[in-house]
Amino acid sequence: DAKTTQPTSMDCAEGRAANLPCNHSTISGNEYVYWYRQIHSQGPQYIIHGLKNNETNEMASLIITEDRKSSTLILPHATLRDTAVYYCIVRVNDYKLSFGAGTTVTVRA
Amino acid sequence: DAGVTQSPTHLIKTRGQQVTLRCSPKSGHDTVSWYQQALGQGPQFIFQYYEEEERQRGNFPDRFSGHQFPNYSSELNVNALLLGDSALYLCASSFLDGTGPSGYTFGSGTRLTVV
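Protein chains in written order, with my numbering: chain B, 1 to 109; chain P, 110 to 224.
The following block holds chain B by itself, in its conformation from the complex (with noise of 0.2 Å):
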């Protein structure tokens, strides 16, 4: 699978949009960007996955680049419920998900 690059950590203020960048350079054209998220003590959660066009659903909006090379997930009104880890992965059509650090996010009132 190809790799990916997130920053280690960002803030947020509540209320505010999320912007949580990702790299994958190495994508190859059949790889879907997926994201997944993990709050505290709890396992991942699924948020959004895409291919080439942007997608939106009613957690958040994927923007993945024209060269597909990066992508986005944009909270768009972040809480202090979306604290969490978030994993950028970018997954070939088998079945495992391979999850890297990921993003520490923390959003503050």
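If you are wondering where the hints come from, they were derived from the structure by calculation, not from laboratory data.
Just so it is clear, CB atoms sit at the ideal spot from N, CA and C, and this is done for glycine as well.
Possibly wrong hints are sitting among the right ones.
Said to hold, decoys possible - Which bits of chain P does chain B cover? Going by a derived footprint, with three or more residues having C-beta under 8 Å, they are:
id : segment
1  : 146-157
2  : 161-174
3  : 213-224
With chain B's structure known, arrange chain P on it following the hints.
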């Protein structure tokens, strides 16, 4: 609708012992994956079961084995426990290969401590 259920939530074992962890998948899901998460690290894939067969395996020794039952529930067995096996063990379920609109659903895990 219950999500993924794992038992027990916490467990303490002695080196050399054997342990069995259990997982009930989310309703409607037929595939179960197991992950190991050491403190401060991301989860690492152990294996995945589909139709009662191991479909894919990560880089884990044969001491780690599993089983999937006809009702789709699953067990993870670890033999000859080492101190390094201390971790959070996560079960994830999905329909087929997890590329559906909700991806994989994870349980809250079993915290295993080997002393």
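Item to check | Unsatisfied constraints (hint numbers, rising) | outcome: none
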